[in-house]
Amino acid sequence: MEFAELIKTPRVDNVVLHRPFYPAVEGTLCLTGHHLILSSRQDNTEELWLLHSNIDAIDKRFVGPLGTIIIKCKDFRIIQLDIPGMEECLNIASSIEALSTLDSITLMYPFFYRPMFEVIEDGWHSFLPEQEFELCSSATSEWRLSYVNKEFAVCSSYPPIVIVPKVIDDEALRKVAMFRHGGRFPVLSYYHKKNGMVIMRSGQPLTGTNGRRCKEDEKLINATLRAGKRGYIVDTRPLNVAQQARAKGGGFEQEAHYPQWRRIHKSIERYHILQESLIKLVEACNDQTHNMDRWLSKLEASNWLTHIKEILTTACLAAQCLDREGASILIHGTEGTDSTLQVTSLAQIILEPRSRTIRGFEALIEREWLQAGHPFQQRCAQSAYCNSRQKWESPVFLLFLDCVWQILRQFPCSFEFNENFLIMLFEHAYASQFGTFLGNNESERCKLKLQQKTMSLWSWVNRPSELSKFTNPLFEANNLVIWPSVAPQSLQLWEGIFLRWNRSSKYLDEAYEEMVNIIEYNKELQAKVNILRRQLAELETEDGMQESP
Amino acid sequence: MEFSELIRTGQAQAELLRGPEVPPLRGTLCVTGHHLLLSPGAQATPDLWLLLLRSVDSIEKRVAGDSGTITLRCKDLRVLQLDIEGVEATMDIARSIEALSSLESVITSFPFFYRPKSLRLGDAWHCHPPESYYKRVARETNAWRLSEANEDFNLCPSYPRAVIVPRAVNDDVLARSARFRQGGRFPVLSYYHAPSGTALLRSSQPLTGPQKRRCAEDEELLRAVLAGARPGARGFIVDTRSVQAAKQARMTGGGTESKAAYLGWKRLHRPLERGRPLQESFVRLVEACGDLEQSMDRWLSRLEGCRWLSHVKETLSTACLAQMQPSNGGACILVHGTEGTDSTLLVTSLAQIILDPLSRTMAGFQELIEREWIQAGHPFQLRCAHSAFSHTRPKHEAPTFLLFLDCVWQLSRQFPLSLEFGEGMLLALFDHAYASPFGTFLCNSEKERCLCEVRTRTHSLWSGLNQPKEQRKLRNPLYVPNPSAIWPSVEPQSLRLWQGLFLRWTRPPEPSEVAWEKVWQIVTDQEKAEGSPPTVSASESQP
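So the protein lines, in turn, are chains L and P.
Numbering-wise (the UniProt record's numbering), the first sequence opens with residue 1 and increments by one.
Numbering-wise (the UniProt record's numbering), the second sequence opens with residue 1 and increments by one.
Calculated from the structure, these hints are not laboratory results.
Be a bit skeptical, because a hint or two may be false.
Think about it this way: if two alpha-carbon atoms lie no more than 30 angstroms apart in a straight line, the pair counts; the simulated DSSO-like pairs of lysine-lysine are [to be verified]:
| no. | chain 1 | residue 1 | chain 2 | residue 2 |
| --- | --- | --- | --- | --- |
| 1 | L | Lys280 | L | Lys229 |
| 2 | L | Lys528 | P | Lys135 |
| 3 | P | Lys469 | L | Lys523 |
| 4 | L | Lys528 | P | Lys469 |
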C-alpha cells in the first residue's frame, strides 16, 4: 500500500498530548494511513483517534530537542503533541501534512472503512427521488419526473432525475439547459400543498450583453403559474452584481420577456468572502485576551452574523411570497449551487413541518444539497485554520446549519432533532468515515461508485441507538409555518460550534440530561396513570354489572 | 387626600397598544392616586388592566385632530401606547400621570395603601434579621460577635442596628473606626467562609485625607480580623477604584489604606464603573435594544459602544478575584470603594453566590438580598428613582442592582442546575426594585425605613413572592443542590446579553418560554403524580 511511503515514522513513544478539557496524557503515538492515534496504554478512555482528513493545518515548534506539533482540526479543535526528538517530530509533522492533504478521493478513509455495526437500512436507498416525488404527485399532477439528465449530459451538476412541469418535454429542457449557467435549468425544489405554489431553483440565465432570450425558458417558467397569477424571481445577488454578470455571459431575467414575474434582488455573500468571515470568527473565538470591547468588535468585524441575517431574511422573504402572497418563486444566484440552496432549503424548514423531523431533514439535505449539486468536496476541503487560500472553499453548508440552529433556538419545540444533529452533520461534511459528502455532485459520486464502495452516513445515523442522541426531547409536531425573527438582537453566536472547544459544556449538558430525565420519567408516570385509569374503568363497569341484576 | 388635586380628569375612552403581538385593548381609562386603570367595558373580558403609576419612567403626548396619543415608557422597559378620545382629556390624563408618577414622598406611595387579602401585615419582615446570619456564623467560629453599637443609627446612618464584628474589639473601637470611615461605614463581616476559616468584610473608604491620617482603632479592628482567622491567614483589601481614583479621593478627605499602617494586608485595585457612567451605559443599551430594524453591524457596535457587557465582565471578574484567595489558601478580604454602598455590595454579594450553596437557594437568595443590599444600605430609592427612559438628568440614579441581577443571570446561564430560583425571580426583583406595591425596596437605609415605619405599614416583598402561586414563576425546575463553589467563566465569549430582561418586550413572545413552560408543566405533573409536595429549598431543611 502506498501509504507506507508517506509514513516516515510509524510510532513514537513518550508523546504528551494536550487537548481541550482533558489533562495532558503521555503515551505512544501511531500513524496509520488514515488516523493519528495516541494510546496511553493505561486506560482505554485516554486515547485519541483523529482522522487525517479532519486536520486543517499544523504548526511545529522546537525547544531544544523537544518538538511540539500543534494540530488544528476542521471542527475548530486545537490539540498539541509534545514529541521528544527533533527528527521524529519532523517526520511525524511531514507525514501528517502529506496524509491530510491526499489528492485522490479514492484513497480517502470512506473507501477503507468497514463498519462495525449492523446495517439495518442502507442509507444509499433511504431517500430515492421517486419516493420524494410521490409526496408532490399525490397532491398535484402538474409536475413530472424527467430522466433527461440520465447520463449527466444535460447538466453535470444535476442528478439523473429531476422534477419539471408536466407540459414541458425533454427536448425543451435541453434547450433551456443551454440558456442557464452550468446547464441548471429551472427544476422543482418545493411544492407547497397548502396553496399549490412552488419554489424552483436554477442557474442564472445566460443573457449576456446583448440580452439573449430563450422561448423555452420563458415557457417553462410561465408553465408553473396559474392563470392571472404573478410570480417572484429571487436573485441572491444585488442588482449591480447581476448587471456585471452580463459582461461574462450571465445575467438576469428581463421584465419585458418575463412579464408575469417580479424580480427581487437580495445580497447573499459567497465564496472567499464567507471563508474569510469564518476564519475571522474562529480567530476571534479563540482570542485569549480578556477584553469585552475587543471581542465584540471582532465579532462584528467577522460579519458572520450579518451573513446569517441576510440568508435568513432572504429565506423568510421567499417563504412569505409563497405562503402569504400565494405566489410561486424561482430562486437563483450565479451558479445556483450555493446561496440558492441555502434559500430554498431554509424556506422549506420554515414552511414544511416534515423538514423539521429527523428523516425529513435528512431528505432535505439529500435532495437540496447532495442531489442538487452543492460541491461539498470543493467547499469543505479546508476549514477556518487553513493558510493556503484556495478559491473554492466556502462555509456555505455551515452557514445553512447555523441558520437552522437559529430557527431551532427560536422554536425549541418544533424540531425533532437537536443541536447535536446539526453539529454531527457539520463534522461529517468536513471529515468523515462515510461516503455521503464525498464528491461534488451526483455525476462524480456515480463515477466513484460510492454506493458500492462506501457506507452512507444515513445507514449509521438512522439506527435507534444513534438516533436517541440526536432526538429533541421537547419535540411536539407543529404543523404551522414558523416565522423566525431576523432582528439582529434575535440572532446569536452558535456556541455549540464556535465555542465548543473553548468552553466546557459540562453544566449545560447536565441540565440537558436532567431535562431528558424529567421528560422520560413523566412519560413513565403517564403510562402508569393510564393503566390505573383503565383498571378503574374496568372495576367500575364490573360494579355496574353486579348492581344491575 | 391630596391625590385628588393632582388628578385632573375622571375618565376617558381609550385604546391601549401593548406591543406587536398583543391585541389592542379598548375601554374606559381612569387615573387614580396610584394606578392607571383601563376597564374594557361590559361586553369584553371583565379583566381590568392596571398599571402602577410609579412604574412610569417617561411620558410623551401627541395630539392630532380630536384625539391624542400618550406613550408611556415604563421602568421595567415596557413601552405602552394609549390612544385617547378628546384633546383635553389627553392633556389632562398626561398631566395627571406626570404629577402622580413623580411623587417624592415615601409615605404616600402605594405600598402604604396596598392591602391584599391573601397577606397579613408584618409577615416576613422578620424573616431575615442579621441575628439569623450571625447564628450561622456562630455555629462555625466564635471569632465574631453581634454588635448593637449602631442601635440608634448614631455610628453609621446607613448600617442596620446590628452588625457582625470581630469579637476582640469592643464598641468603642467601632465608634472610633466609624469616625475614620466615610459615612461611618466601619469594616463589618459580610460572609464567613467556614471551609477555609476566613472572612469577607466590607466598609467604605478610610478618611486619610491629604495628610495620610491614620486611626489606631481602625487598624486594630483589621488586625483582630486576621487574628481571629485561620493562623497565618493574610489579608487583601480590594479597592473597587483605580489607583489613581483612590489617590485623588485624598484631596476630598477620602483615601485608601497605606501598606505601612495595616500589616498583613495587601491592597489590590479593581476599578468598577459606578454612578452616572453606569446609568448612561444602561440608557444606551436599552436604546439599542429598542431598534429592531438596524443592521447587524450597527447592533453589534452599539452593544459594544454601550459597554454594558464590559461592566458585567469587570464585576464578575472582581467577584471571582475577591474569592480566589479564601478557597485557595485562606485569606481575609475587605472590599470597599468610596461609599461602600454600590460596587462594594456588588462584589460581596456575588462572591457569596459563587461560594455559598445556601445563597443559591430561594430562601438563601432572599436572605442575601435583604442582608447585603437592603440592610447593608444600598440607596434603592436614589438609585432606582428612574430607569432607562427618563429624560430628567440623572443625579443619583445608577443600575447597580440591575448589574448584580445580570451577573447572577450570567451565573445561572453557566450553571443551569445550581440555582434554585429561575430567571423569573431575577426579573421580579428588577421590577420591584424600580416600582412595587411592596415596601421592601423603599427608602435608602434601615434608618429611613424605621422613620417611615415601613415594616409595620407595608407588606414585605418576600411574603408576596413566597406565596405558592407566585413561586411557580420564580423557581428553577431543574434545580439540583450543588455543594461546591461555582466559578464562572468571565471570558468575553462566555458572557451574553440578558435577552430575557433587555428584550423582554421588544422581541416576539419568546418561544423558549414555551419550552420552559412545558418543562414546568411536566415537573408539576410529576410532583402531583408522586403525591409529594414540591421540594422546599435546601436551607429550610438545614439543621
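Next item on the list: Mind checking the alpha carbons of Lys280 of chain L and Lys229 of chain L for me, to see if they're no more than 30 angstroms apart?
Entry: The hint is violated at about 45 angstroms.
Checklist line | Given hint Lys135 of chain P paired with Lys528 of chain L - CA-CA distance at most 30 angstroms | finding: Violated, at roughly 47 angstroms.
Item checked: Hint consistency between Lys528 of chain L and Lys469 of chain P [alpha-carbon to alpha-carbon, up to 30 angstroms] -> Holds. Lys528 of chain L to Lys469 of chain P sits at ~28 angstroms (cutoff 30 angstroms).
Notebook entry, point to check: Under the criterion that the straight-line Cα-Cα distance not exceed 30 angstroms, is the pair Lys469 of chain P, Lys523 of chain L satisfied?
Noted result: holds (25 angstroms)
In terms of the numbered hints stated before, the structure departs from hints 1, 2, listed from lowest to highest.
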